[in-house]
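Chemist: Sequence:
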Amino acid sequence: MELIDVFKALSNRTRLDILKGLKDPVNNFPPQDEGDVHTVGVCVSSIQEGVGLSQSTVSDYLATLQRAGLISVRRIGQWTYYKRNEETIRALAELIEKEL
1 MELIDVFKAL SNRTRLDILK GLKDPVNNFP PQDEGDVHTV GVCVSSIQEG VGLSQSTVSD
61 YLATLQRAGL ISVRRIGQWT YYKRNEETIR ALAELIEKEL
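For the sequence shown, the UniProt record's numbering gives the first residue as 1, with consecutive numbering after it.
One should not assume that every hint holds.
[Stated by the list, open to error] In silico BS3-like cross-links for lysine-lysine, where the CA-CA straight-line distance does not exceed 30 Å:
1) 23 / 83
2) 98 / 8
3) 8 / 83
4) 20 / 98
No wet-lab data here; the hints were simulated from the structure.
Please put together the full structure from these sequences, using the hints given.
Modeler: Written as structure tokens, this is what we have:
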């Protein structure tokens, strides 16, 4: 995990809101037809609808969060689902506590 990449990803309000929203996806994003959001993740179209931005902007934000290791991605057929990478988030919290 590169701290600078993580902090850059979190320095944008919408990316931060997406990450926060993925903590409780049922209450933060519109319902989706495919699978359990806690197991599969949240479809990009639900995230897009939840934040109210264009698909291309949301995809760019999600790619930034993924590169930082804060979210994981799962493809099922033609759909892409996102969920928080809790392991990375816990490691980040521990690192901040110890190093900063």
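Chemist: Check the hint pairing residue 20 with residue 98 against an upper bound of 30 Å on the C-alpha distance.
Modeler: Between residue 20 and residue 98 the Cα gap is close to 23 Å, so the pair holds against 30 Å.
Chemist: Given the hint that residue 98 pairs with residue 8, test it: the Cα-Cα distance must not exceed 30 Å.
Modeler: Holds, at roughly 20 Å.
Chemist: Holds or violated: are the alpha carbons of residue 8 and residue 83 at most 30 Å from each other?
Modeler: holds (19 Å)
Chemist: Given the hint that residue 23 pairs with residue 83, does the C-alpha gap stay at or below 30 Å?
Modeler: Cα-Cα ~8 Å, so holds.
Violated hints for the displayed structure: none, as all numbered hints are satisfied.
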